[in-house]
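Visitor: For the sequence shown, our numbering assigns the number 234 to the initial residue and increments by one for each residue that follows.
This list has only true hints and no planted wrong ones.
Just the calculated beta-carbon pair ranges, DEER-fashion: (1) Val598 <-> Tyr507: 46 to 52 Å; (2) Met360 <-> Val540: 39 to 45 Å; (3) Lys407 <-> Phe631: 17 to 23 Å; (4) Ile589 <-> Val540: 30 to 36 Å; (5) Pro418 <-> Val317: 43 to 49 Å; (6) Cys630 <-> Val255: 48 to 54 Å; (7) Asp588 <-> His429: 18 to 24 Å; (8) Leu587 <-> Met360: 44 to 50 Å.
Straight-line C-alpha distance at most 30 Å; calculated BS3-like pairs for lysine-lysine: (9) Lys407 <-> Lys552; (10) Lys584 <-> Lys404; (11) Lys407 <-> Lys604; (12) Lys416 <-> Lys605; (13) Lys632 <-> Lys404.
Hints in this document: simulated from the structure, not taken from any laboratory.
Glycine is no exception: its CB is placed at the ideal position from the N, C-alpha and C atoms.
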Amino acid sequence: PILPRCIISSGINAEYGERNNVVFAVACIGIAVMTRIIAKKYFKNPPSNDIPMPNESDFAIGKKDIFYYDLGGTFCMCEWKWDVAAYWSKVISGFAFNFAHVIGTFEFYVLTGNTKILIIAVFVNEMIEELWLTSGYWGFTLDPPMDMEARYDSLIRDTVCCFLGIGLARKFAKVFKVKPIIKAPLIWSFDSKNPHSITRWAKFVVEGIALWQITLVYNADLGPHRFNPGNILLLIAYSSTIMVICYWNIDDFPDCTRRHVITWHLGWMFFSIYLFLYTIYPSFDSAMYLIFVVECSASIAIYWIDVYFRNNVNGVQQKIFGSQLSSKPGGPGYNLLEDETRNLIPLSCYKKALDIVDNRGEEKVSMESLKKLAADLHHNPSPSELPPTKSELMTICFKTIIRLIIILICISQPFLWGGPQYKRHWCGNPLVKGFNGCAKYHDEL
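Use the sequences and the hints to build the structure in full.
Guide: So, in structure tokens, the structure goes:
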């Protein structure tokens, strides 16, 4: 009733044949390609933001006791000493590519569920961006070399935003019981229901590249309090691609109901829309402060969605996640699956059941008793699936209060940098009163 029959044609109770992987792959890549083409043609940077950087020697005209230090592909000049306060003001100011780093790690955690690999990838990504200079360009968007990120942008802002995205995704995945699309190691199998198979890894590559390329459309170079129509295109294309991915993957998780798969993809889509909405018309002077507000408010929402799910075990848990829990833990028949669905129990539960049987010294066990034991292990709820205790509610309330305090601090936006810069990276403000920062500074000299 939720999806067209041609979409839900395979998997549990399928009746209409297999889905065509090529069609879904072409749809994902097609959306990404069209989004990049439209963005490049209709949503270019404003002319004032394309002014070439003046020669560094021009800055020193009429000045004495100046030395230069390299904060990226541009030169900053300092009179007499390094200004520590100004440096940290630049760290938290500006509208570079910060939002894209949050949503990027969020999406890849949803797809992989692997925190360690993502942390490594974050730092490798920053290295690749600079190594890309050997091609004559900087970064994955092929910016000119002089627009290279400042060190504080690469090593502080980008990594902090990436970790915020990972942390938010971990909370989201735990509450919505997200299953990763792939697992290591890769094996020679074309079974789409096996996360180790070539088919699943191929899906991950296509989906990851499509979402990544769409995310690169992000642009807030106009600066704060300015309308960015290109980010509306980004929001529409990104959310549409998530729905295509949902339809493509819906029958790949045999231990999940279709409603469960749809729910976590819809949740992923709505959280992405919520994040990108703030980039259409940035209401803050600093992307970092705005991102902290978005992360804290989204985290608060996840905390209380979790409370709602856990307080409705026989409602939400059963309807969305397929959990069939008795209202009396430990009672007769508690946590046992129905006969016709026992074949959907993960193999890990059967392996654990066999270990338990063997540890009891039993040499033989009936298949029926093994099924019951495996089913019990599969649906024996963890503390996170039961209604929250008073201490857990106190903890959630405390976390909520802490994040509300952070939001209030970020709304005040202390320590902002108001000086000039080159494009979106150098000193932190994308544009100074509608003009390129360095060009305006050069005129004043």
